[in-house]
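Participant: With the sequences and hints as input, model every part of the structure.
Chains as they are written, first to last, in our numbering: chain D, 1 to 113; chain P, 1 to 114.
Any given hint could be a false lead.
[Unchecked claim] Selected chain P positions facing chain D (Cβ under 8 angstroms, derived; list incomplete):
#1 F10
#2 M41
#3 A103
Read the hints as simulated data drawn from the structure, not as lab findings.
Remember, it's a predicted structure, so these values are computed and weren't measured experimentally.
For glycine and all other residues, C-beta sits at the position ideal for the given N, C-alpha and C.
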Amino acid sequence: EDQVTQSPEALRLQEGESSSLNCSYTVSGLRGLFWYRQDPGKGPEFLFTLYSAGEEKEKERLKATLTKKESFLHITAPKPEDSATYLCAVQAMMTSGTYKYIFGTGTRLKVLA
Amino acid sequence: NAGVTQTPKFQVLKTGQSMTLQCAQDMNHNSMYWYRQDPGMGLRLIYYSASEGTTDKGEVPNGYNVSRLNKREFSLRLESAAPSQTSVYFCASSDWLGIVTEAFFGQGTRLTVV
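Facilitator: Listed below in C-alpha cells is the structure:
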C-alpha cells in the first residue's frame, strides 16, 4: 500500500537552530515527491518537487533531498517566519491510469525568537 | 492571478442539510481534486477528475458527490450532512504535461456540521 510517514509530528526550534524534517515513503513507481508549506487557515503552498534519488533542491533557508526510501527537508538557521506545517506528498498511479497525491500528516514547526 | 478559488470559506450546517462547495481554477489544468483535512489524518482524497467529463472516487467518497461542470469548475456536494463530515475541504488542480507537476491548492472551506 502506498504510504507517506512524516516525523517528527511537531518540532520547536530556537531561531538559528538548524534541523531536519523526515518523510519516508512506500509507493509503487515513484514519479515525484513534493514538499508543501501550510500556514494556519490556508491551503498548502508548493515548495519543491524531487524526481529521483540523489536530487536536491534549495530555496532560501530550505533544502530538500531525496533517497530511494525517504526525503529530508533541512532548515538552516530558521527564523520565526518559517513556523508552519510542512507537508510531504508522493505521486502514485491510480487504477484509472491517472495519478493522485498521497500526503503525510505533516510536521508542525515552531521557531522561537 | 487567482489560481484555485473555493467558495464559501466557512459554513455551518445542521445535520441532514445539503450544500455544494464550489471550486474554480484559471490555470487551464486538466485534473482537479477534492481533499478533506482532519487533525492527525492528513489530506485524504475524496473524489478526483482526471479530465473534463470524468470523475472517480478517492479513498473517502461516502456521503459526497461531485460534478465536473467544465474544465475550470469542480463542485463537491453533501446531500445529507453528518457531524463526521466536519472538516476542512481543499480543492486542488494539476496538469501532467508529460512530466510530473505539482498540485495547486485553494484556500479551503471550513465546514462544521452540528
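Participant: Would you mind marking each hint as holding or not holding in the structure?
Facilitator: Status of the hints after comparison with the structure:
1. With 8 angstroms as the threshold, the beta carbon of P:F10 stays out of range of chain D, its nearest partner Cβ sitting at about 10 angstroms, so the hint is violated.
2. At its closest, the beta carbon of P:M41 sits 7 angstroms from a beta carbon of chain D; the interface hint therefore holds under the 8 angstroms criterion.
3. The closest approach between the C-beta of P:A103 and any C-beta of chain D is roughly 5 angstroms, which is under the 8 angstroms cut-off, so the hint is satisfied.
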